[in-house]
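Note that the protein sequences, when read in sequence, are chains P and Y. When we follow the UniProt record's numbering, the leftmost residue of the first sequence carries the number 1, and every step to the right adds one. When we follow the UniProt record's numbering, the leftmost residue of the second sequence carries the number 1, and every step to the right adds one.
These are calculated hints, taken from the structure and not from any lab test. Note that the coordinates shown come from a computational prediction; the quantities given were computed from them, not determined experimentally. We treat Cβ as the ideally placed atom computed from N, Cα and C, and that holds for glycine. Be a bit skeptical, because a hint or two may be false.
[Said to hold, decoys possible] Label pairs and their calculated CB-CB ranges: (1) Y/280 x P/454: 47 to 53 angstroms; (2) P/671 x Y/769: 22 to 28 angstroms; (3) Y/724 x P/121: 54 to 60 angstroms.
[As the list claims (entries may be wrong)] Partner residues aside, some chain Y positions facing chain P, computed with beta carbon under 10 angstroms: (4) 223; (5) 437; (6) 459.
There are 2 protein chains.
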Amino acid sequence: MLRKATTGAGPTAPTTAEVAALDAHWRAANYLAVGQIYLMGNPLLQEPLAPEHIKPRLLGHWGTSPGLNLVHTHLNRVIRDRDLSALCVWGPGHGGPAVLANSWLEGTYSETYPDVSRDRAGMDRLFRQFSFPGGVPSHVAPETPGSIHEGGELGYSLAHAYGAAFDNPELLVACVIGDGEAETGPLAGSWHSNKFLDPVHDGAVLPILHLNGYKIANPTVLARVPEAELDELMRGYGHEPIHVGGDEPLAVHRAMAEAMDRALDRIAHIQRDARENGSTERPRWPMIVLRTPKGWTGPREVDGLPVEGTWRAHQVPLAGVRTDPAHLAQLEAWLRSYRPEELFDATGAPRPEVLEFVPEGTRRLGATPHANGGLLLRELPIPALEEHAVRVDKPGTVLHEPTKILGGLLRAVMKDTAAHRNFRVVGPDETASNRLESLYEATGKAWQARTLDTDENLAHDGRVMEVLSEHLCQGWLEGYLLTGRHGLFSSYEAFAHIVDSMVNQHIKWLRTSRRLPWRRPVASLNYLLTSHVWRQDHNGFSHQDPGFVDHVLSKSPEVVRVYLPPDANTLLSVADHALRSRDYVNVIVAGKQPSFDWLTLEEANAHCARGAGVWPWAGTEDGTGEPDVVLACAGDVPTQETLAAADLLRQHLPELTVRVVNVVDMARLLPNTEHPHGMTDSEYDAVFTTDRPVIFAYHGYPWLIHRLAYRRTGHANLHVRGYKEEGTTTTPFDMVVRNDLDRYRLVMDVIDRVPGLAVRAAAVRQSMADVRTRHHAWIREHGTDLPEVEEWTWSG
Amino acid sequence: MLRKATTGAGPTAPTTAEVAALDAHWRAANYLAVGQIYLMGNPLLQEPLAPEHIKPRLLGHWGTSPGLNLVHTHLNRVIRDRDLSALCVWGPGHGGPAVLANSWLEGTYSETYPDVSRDRAGMDRLFRQFSFPGGVPSHVAPETPGSIHEGGELGYSLAHAYGAAFDNPELLVACVIGDGEAETGPLAGSWHSNKFLDPVHDGAVLPILHLNGYKIANPTVLARVPEAELDELMRGYGHEPIHVGGDEPLAVHRAMAEAMDRALDRIAHIQRDARENGSTERPRWPMIVLRTPKGWTGPREVDGLPVEGTWRAHQVPLAGVRTDPAHLAQLEAWLRSYRPEELFDATGAPRPEVLEFVPEGTRRLGATPHANGGLLLRELPIPALEEHAVRVDKPGTVLHEPTKILGGLLRAVMKDTAAHRNFRVVGPDETASNRLESLYEATGKAWQARTLDTDENLAHDGRVMEVLSEHLCQGWLEGYLLTGRHGLFSSYEAFAHIVDSMVNQHIKWLRTSRRLPWRRPVASLNYLLTSHVWRQDHNGFSHQDPGFVDHVLSKSPEVVRVYLPPDANTLLSVADHALRSRDYVNVIVAGKQPSFDWLTLEEANAHCARGAGVWPWAGTEDGTGEPDVVLACAGDVPTQETLAAADLLRQHLPELTVRVVNVVDMARLLPNTEHPHGMTDSEYDAVFTTDRPVIFAYHGYPWLIHRLAYRRTGHANLHVRGYKEEGTTTTPFDMVVRNDLDRYRLVMDVIDRVPGLAVRAAAVRQSMADVRTRHHAWIREHGTDLPEVEEWTWSG
């Protein structure tokens, strides 16, 4: 629970000396931010500024930096005053110079990167490395201590902040939201996260909406609506806004200190009310509206045009410093306006007055273990799969809903994490629809708004999160994982594309973090994509898109993993693996409709460990030499159609030797030089042969298989069937027929491709074509699939 | 300008007879909605309901339908009363049964599909075809008359509505927003669209937030916050909310009619104030909060559980109708509760009382030409490209910023559409950053919020739209195009992924529309992706992602087109083609940084018409036989590196015959059987050879080229270089070196792959490797690229 200020009840105005110390810290941070953008020498301005001190390429964002520095300075004060455990999400992540400056000032930067020491030489390196080849990125990146949020792609800061706060009751998560970012849809929707934050079991989020008025080239919407309207908006979002603004530094420091105290007192009050007095009313959490000029304290005018307080301050306000003596003089005056000699001693170290409010140890924002979540990660208590597996006496005869079986496993994990509360399942209103409803035996759905008697499974402390926003689900889960917890995102397959760009950024984050020794591994981001392309009986074409897998597989191979378990036990095995893994993005595509079980748990574990392999029981090989044809499959529906095709071939062309191969782990198809899971060529050839026709029935877009396997020797013999954008509301079997993925078409493909078949094969082919014709007439008449399709079971 | 009600100033309560007529229409629509979900016979209930009248598979969404029917009924009334030109965007698009019911009632359905006549036989077909194989989709799809919005993927209704309203001053666009959809980020951000709607030149948008309280399985956030808080939220969004609610039909009809009148009077007042009195204050537009039960008038309870007014009413409330006599009886009672005999005559046609408020002709919502925008489309006045082309006397010696040249063309188009106002350019705050600032000589940036003296180019009537939301840009533009206008979306390349799922849905819409003869072609959705992966000097890794092209190219080939013009004149040529095209999604990737001009306009036009071809001047072929190697390239940076490599090869290995091929239209690489732009095999072989090494320098992920070309004879000889996720803030040339796409690496690739080279080649290869080593040291020291790279020009 957050402590109240030691100064006693209610906000107390800071003293003049305190304001001076706050201002000194802010000036120091501003100085260091400007230095990073411009300087590659003379860091303390101990000599007059000369062109050779200036970087040849000026890159970075000044505009947002003074505002971020102000917030950091004031967060330091309240953290120190109240001994808070705090994390800050810096939405305007392009303000890297500010966050780096503060990290260096508080010492965490030098502790993480000892060569950037807290002295003149270190300051010189800090400046030079910024946005410089071989140096550090211009944004608040994984390289930045204390960060869980890059902020380059705007929109996700507030969702990340809430994700960090869930199940962290002692944590304060401050979140700076730029007024540019506030225009994005995902951010606009994120404000409603406060309806999902439990004041008892979760920490607090303090949104700080920073209105500096401009984006790259335009004013921002929220800075140009009347303050009363903005106030209504924030109240409408369920907040209690506190307004702070101005351009006179000392006055702003005073107002900001008071606003921070008011906000934190209010948070302490809310938490005490819920935790000690048992209040269950949804509280109005405080938030701060901070209005200061863009590029505040930077050049007022450059070349006769206003800069401070306009969009022109966004990046580098003075562009000609190296060649234009007037610009150079203006930069020097700007830097000296912070009075560096008052801020740093002769060795270049910050003077004690500057550091008066800087917290100690892990209380420092750059040193909080919550921003390096692997430090706090506990193993997830995953039960033995035997307790949840389905019994399979004979393949292809018993049906289960795979995701429902998985639901049992997740229920156990949810139950066994009740004490540590470090596991959540998120989804856009589809947990039950996706057959994971067993979870509600272990926890409820997080919900702080009003409830009715007819409601089911809603709970203040629920750890299933349902909201009709894939962006929120993704953002919450990312924040939760990066602060050292575990989770699963279950989504309709097609709508995973809504978070394409978010998962890009998370993959980039993980890819970079893995290369930083000080960043400890975090739990993987696990997707369960269900309600997939083949079973959109209620919804049709708009809900049919299997391309998320393609999207993910084009990203960093050290991070991405894609699994298509064909039945219930393989889904259990894959999920177990994914939940135990670290630093990956695992995409699992699995059906929720009743579908055949093929493998026992033991077989499933062995098959998933291989990732792809022959199912000997399904084929007709006699162990001598290569088969006549390979039927390969990946995904539940394609596996069913492939097995049915194998059945037909055994009946109609018994002399044909058929090999059935199932692929669970898609990356196995890649060469081992391209992905850690990739097969060597000899492994691949042993499974797929080098010269036999391979008819590959794939769950998604067929070209993915070619893209993965194009380097293989047998690639020219590979014929892939998959989804080819022929969708609508129709029967399940009609969907596969429309896309030429059905059992009859697969048999025809075999007959078309295997040379030297008996004459009889032509008649078999015709009979397959006849069934397809009969199908078309039947469904239009009856609205259901052919009885022989509905009644089929594996007869091998 | 919208007319006021004929009943005079101020809302007038409808008479009892009028309410009865409204209710009759609503009951008829509800009856028809239920009929579509359940019945395949006995449409008028002229005999007792029997199992054989029930569809074998019950698919569809009842829950939202009565609310949509209510809105449609009341829109009819005000359209008729005020002779409005109106369009409605149905956000809960899964309520297809409702919109189809209304379209059939008003006659537009039968006019569009004569076999579904407005009589008993037609009603029977209407019911049977719904969500039935070979029938119509369950959603408000392109097949639905009057629709521009499918609504399957929630979040975009309000943005579409605004897009339709822009530059349509006489149009009212009503927009029903479900409380589920309202939780999405894109919808939450869309409310701010009212800061961009000009009351003089644009039409009106009337948002109707329909709170039926539930999603699939959960209550909705906005239905469970106090009404006062919701009211603050809507006011904070800049609206004047009007609240209507209840569950007693006649009372709700009265309240809804009054609310509609109040809203439309207010809109008429706002428009008169702006258009006649010259008011420039941003108005508070009205909106309606409509609160009615989910599944209203459906079964109260089923099997002992509450259904009406709960989430259980979402899809099919009675599931066992075919087998459970109690369910069957309940369905019959439900259907008969609408008193169909009062609503339809013996022939099955709606009785006159039911149609009292149905408008005439194109005033009907199903018949508005705005929903079939191709009917209203005018040719865009595109000037002769000669006026904007750059002069190229010698390739590779003069530099231009390609997008800036394009800006000149766009300025001309913007200027010449000033009268018809049928062209807009949208972008997330990047129009100037992307060098299209010439546009501001022809128009301003749309902006209705407060302005300051320092602002530039803001204008109430501007037709450049800038907002920091890719979702809004995309949604606005889609709505604008589907209502028969033209436009361009300019975006940072990486962040186009933010709208991956939206473009999916738009492609699906176009793909389906193209197959419907009554849907007229609309202008293509044109993307200009710039600030691309190779030039993120300020931002680094998070801004580097060339995968939007991959995403789009996996969708329907009849719709998608991808162009990578390598210089200014080719960009002009491609843009000209894209702006003239219809029913496509055109993605153009082009740089904004100064880059070399290669082709004259005449050459550019010829090259773009071919889409891919040999640049004879760049190679060293003598016209006899095949070259030793093909250097292929696509994209501006790869083209530059390829030409520089060709330069190096000419100098260092003059005996080698080199062919340089440039690809502008990526689909040319596909077989002609897979894409309308695909080359035949003989065309491809003539360009790329069948057996020579092809070193392909590609702008994006290298596997895309393999995915496109894997069927070609020479595929085994194809070696692709591209972006492989090695990004950071560094110099432009270091970016290509990090990804092995640089000129020196390309020369090494040639030497590694061409057999039988002179012994000297090994020394050349080593010298290339040496430059790369020198590069690494140089940039870390100087922060700039090697002088020989910076100073290079084409010497051929």
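The hints, checked one at a time:
| no. | hint | verdict |
| --- | --- | --- |
| 1 | Y/280 x P/454: 47 to 53 angstroms | holds, 49 angstroms |
| 2 | P/671 x Y/769: 22 to 28 angstroms | holds, 25 angstroms |
| 3 | Y/724 x P/121: 54 to 60 angstroms | violated, 36 angstroms |
| 4 | 223 | holds, 9 angstroms |
| 5 | 437 | holds, 9 angstroms |
| 6 | 459 | violated, 12 angstroms |
Violated hints, listed in ascending order, are 3, 6; each of the other numbered hints is respected by the structure.
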